[in-house]
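Number of protein chains: 2
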Amino acid sequence: MKIRPLEIILSLMLLANFPLYSQDAGKTIAEKLGYPADAKLLIVHADDAGVSHSENIATIRGMEEGIVNSASIMVPCPWFPEIADYARENSDTKDFGLHLTVTSEWKDYKWGPTSSSNEVKSLVNKHGYFYPLTDSVQKIAEVTDIEKEIDNQIIKALDFGIDVTHLDAHMLAVMSTPEFMEAYIKKGREYRLPVLLSDRLPAFQVLEEKMEFTDRDIITDHLYMANPEIYASQGMETFYENILNGLEPGLSVILIHLAYDNEEMKAVTKDHPDFGSKWRQDDLDFFTSEKARSLVEANNIILVTWRQLRDKIVRAE
Amino acid sequence: MKIRPLEIILSLMLLANFPLYSQDAGKTIAEKLGYPADAKLLIVHADDAGVSHSENIATIRGMEEGIVNSASIMVPCPWFPEIADYARENSDTKDFGLHLTVTSEWKDYKWGPTSSSNEVKSLVNKHGYFYPLTDSVQKIAEVTDIEKEIDNQIIKALDFGIDVTHLDAHMLAVMSTPEFMEAYIKKGREYRLPVLLSDRLPAFQVLEEKMEFTDRDIITDHLYMANPEIYASQGMETFYENILNGLEPGLSVILIHLAYDNEEMKAVTKDHPDFGSKWRQDDLDFFTSEKARSLVEANNIILVTWRQLRDKIVRAE
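These protein sequences, in sequence, are chains R and S.
When you line the first sequence up against the numbering used here, it's residues 31 to 347, in that order.
When you line the second sequence up against the numbering used here, it's residues 31 to 347, in that order.
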């Protein structure tokens with residue numbers, strides 16, 4: 031076989047632009063971002079942007095007045111255009127990814143897929159809405175439909191001008207089986223976006239044995255989210271205070287949900303205090319408080335964004 | 031050809047159940063409903079139920095506390111399930127039809143078709159939303175898509191258990207050309223539902239020459255709706271007061287839009303004071319006022335519902 035010089039040059043260019051491994055192989059995430067190896071990195075991440083107007087204005091307030099430094103957007107939701115506009119207009123300072131959504135969980139307020147509904151039949155009920163719960167998605171959804179819907183949500187977000195920094199998953203539905211999670215990871219790689227992953231997730235534990243991960247895949251070291259037991263027993267303030275005071279080195283992510291406890295959000299979350307409007311107001315109150323800001327400082331926590339992870343690791347040259 | 035007795039009986043049964051003409055041919059609508067020929071009949075009709083939570087709770091209040099006696103629901107909108115539940119649970123006392131919708135007119139808050147979007151391609155933009163304005167529908171929509179979408183909205187509403195009393199048209203879009211209006215009228219006949227019609231509508235003037243209308247088609251005598259000029263020059267109270275004081279015999283319909291001037295509705299109608307949240311609050315204030323009730327009484331106005339028209343005329347035996 032004759033080696034043609036042009037081919038060599040093209041291959042080298044390709045490698046330079048899309049290297050398979052970064053030059054930082056072996057370093058910790060903190061080092062790759064330019065911090066000491068044992069730095070305590072934290073993303074304070076608001077889920078569910080786009081779900082309602084209340085969620086949008088609270089998320090924006092959390093980012094502008096509080097220590098919330100990243101959020102992810104639900105593309106199929108009715109209020110998507112409002113938060114998409116904000117994300118586009120503030121991409122120089124604000125960090126927005128996509129909260130990939132294949133469930134529609136509230137009683138009186140519904141949405142369906144971004145894809146044509148008959149192109150993702152296994153994701154929708156007879157009324158064209160997503161199923162309410164991840165359970166149904168796990169049981170009924172076909173991986174090809176999951177993949178198609180993820181793709182259409184990314185395409186639509188990019189088309190709206192959002193500088194998408196990362197992907198994660200509403201109600202963990204698109205990570206709820208190893209098969210779905212594999213599709214989700216592959217979509218991240220295709221668009222060169224970090225995806226939220228944690229070895230605490232059962233599907234990830236299966237995939238770890240099966241898929242090859244490189245140092246361009248971001249695996250969070252510590253992932254925190256309030257749950258109904260925590261909310262009932264200790265309340266948000268104590269929970270978050272303990273996390274911040276006890277934060278360990280590595281990359282930590284706290285997943286929160288911001289909204290006002292107002293008429294709209296009370297109606298959206300009707301009959302469902304867990305992750306309800308009061309819950310979200312409590313999240314907002316804590317993460318816009320002086321206390322939260324002081325705890326971050328006092329504990330030498332470095333707030334980092336998904337954009338940093340995307341640009342300095344996933345897309346590093 | 032042999033005539034079989036069973037066939038004759040079946041045909042007679044069919045005729046008895048679905049007569050082509052009612053026995054009241056020639057009478058006025060008022061007489062068909064059992065009122066004097068020159069009675070002043072009025073439907074106070076709230077459009078846009080389902081568009082938002084604010085619209086839903088205001089519409090319900092208008093019907094429970096005010097003189098609003100009929101409303102129509104936007105099936106493709108996010109808050110449809112909330113108003114559908116109310117309509118189903120209160121079908122013995124409340125009158126709900128469908129506000130057939132093929133536009134999505136607000137800036138930050140969007141919806142798409144009830145049909146799978148790739149089955150009604152001429153109704154949706156590249157993001158899968160309806161076009162904002164009736165103008166675009168007139169220019170771009172194909173009548174087969176209009177017909178399919180109307181059908182799917184009716185099927186979904188019936189499936190949610192709504193006792194649909196009538197059909198009308200959001201932003202008049204499905205009546206905006208003679209062709210679309212013909213499809214709309216035919217759907218009404220197919221489901222044996224009255225559809226809102228008026229000889230003030232340009233498309234109807236064309237169709238009058240072309241289609242055959244029977245005494246089962248309800249043509250309103252007087253159709254009223256506020257517009258930006260009226261709102262700016264005289265305000266809602268004066269406008270409605272004048273209508274009620276000057277109401278003439280025949281079937282009149284006042285189309286109104288009820289919502290609270292609250293945070294959600296301000297955001298829905300952002301940058302659009304016409305038909306905006308304040309406008310809708312003014313409608314609500316007037317039609318829940320003691321004054322409105324007194325004016326109806328003082329002017330001997332008889333409030334009638336689309337259900338009466340449906341059951342005593344369209345479905346009369």
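Each hint should be verified, as a subset may be incorrect.
Which copy? The list can't say, so a pair holds if one copy fits it or any two copies do.
DSS-like, lysine-lysine: derived pairs with alpha carbons at most 30 Å apart [claimed, not checked]:
1. Lys342 / Lys240
2. Lys296 / Lys342
3. Lys57 / Lys169
4. Lys308 / Lys151
5. Lys57 / Lys156
6. Lys308 / Lys342
7. Lys169 / Lys216
8. Lys217 / Lys156
9. Lys342 / Lys156
10. Lys300 / Lys217
11. Lys321 / Lys137
12. Lys57 / Lys308
13. Lys240 / Lys300
14. Lys342 / Lys169
15. Lys240 / Lys156
16. Lys57 / Lys137
17. Lys178 / Lys57
18. Lys156 / Lys137
19. Lys57 / Lys342
20. Lys308 / Lys178
21. Lys300 / Lys151
22. Lys151 / Lys321
23. Lys57 / Lys300
24. Lys300 / Lys342
Hint data in this document are derived by calculation from the structure and do not stem from the laboratory.
How the hints compare with the structure:
no.: 1; hint: Lys342 / Lys240; result: within (26 Å within a copy, 69 Å between copies)
no.: 2; hint: Lys296 / Lys342; result: neither (40 Å within a copy, 41 Å between copies)
no.: 3; hint: Lys57 / Lys169; result: neither (39 Å within a copy, 59 Å between copies)
no.: 4; hint: Lys308 / Lys151; result: neither (35 Å within a copy, 41 Å between copies)
no.: 5; hint: Lys57 / Lys156; result: neither (50 Å within a copy, 44 Å between copies)
no.: 6; hint: Lys308 / Lys342; result: neither (37 Å within a copy, 49 Å between copies)
no.: 7; hint: Lys169 / Lys216; result: within (21 Å within a copy, 41 Å between copies)
no.: 8; hint: Lys217 / Lys156; result: both (28 Å within a copy, 22 Å between copies)
no.: 9; hint: Lys342 / Lys156; result: neither (44 Å within a copy, 33 Å between copies)
no.: 10; hint: Lys300 / Lys217; result: neither (34 Å within a copy, 35 Å between copies)
no.: 11; hint: Lys321 / Lys137; result: neither (35 Å within a copy, 37 Å between copies)
no.: 12; hint: Lys57 / Lys308; result: neither (42 Å within a copy, 58 Å between copies)
no.: 13; hint: Lys240 / Lys300; result: neither (41 Å within a copy, 50 Å between copies)
no.: 14; hint: Lys342 / Lys169; result: neither (38 Å within a copy, 48 Å between copies)
no.: 15; hint: Lys240 / Lys156; result: neither (36 Å within a copy, 38 Å between copies)
no.: 16; hint: Lys57 / Lys137; result: neither (47 Å within a copy, 46 Å between copies)
no.: 17; hint: Lys178 / Lys57; result: neither (35 Å within a copy, 58 Å between copies)
no.: 18; hint: Lys156 / Lys137; result: both (16 Å within a copy, 29 Å between copies)
no.: 19; hint: Lys57 / Lys342; result: within (12 Å within a copy, 80 Å between copies)
no.: 20; hint: Lys308 / Lys178; result: neither (35 Å within a copy, 42 Å between copies)
no.: 21; hint: Lys300 / Lys151; result: within (28 Å within a copy, 35 Å between copies)
no.: 22; hint: Lys151 / Lys321; result: neither (47 Å within a copy, 52 Å between copies)
no.: 23; hint: Lys57 / Lys300; result: neither (47 Å within a copy, 49 Å between copies)
no.: 24; hint: Lys300 / Lys342; result: neither (42 Å within a copy, 39 Å between copies)
Of the numbered hints stated above, those contradicted by the structure are hints 2, 3, 4, 5, 6, 9, 10, 11, 12, 13, 14, 15, 16, 17, 20, 22, 23, 24, listed in ascending order.
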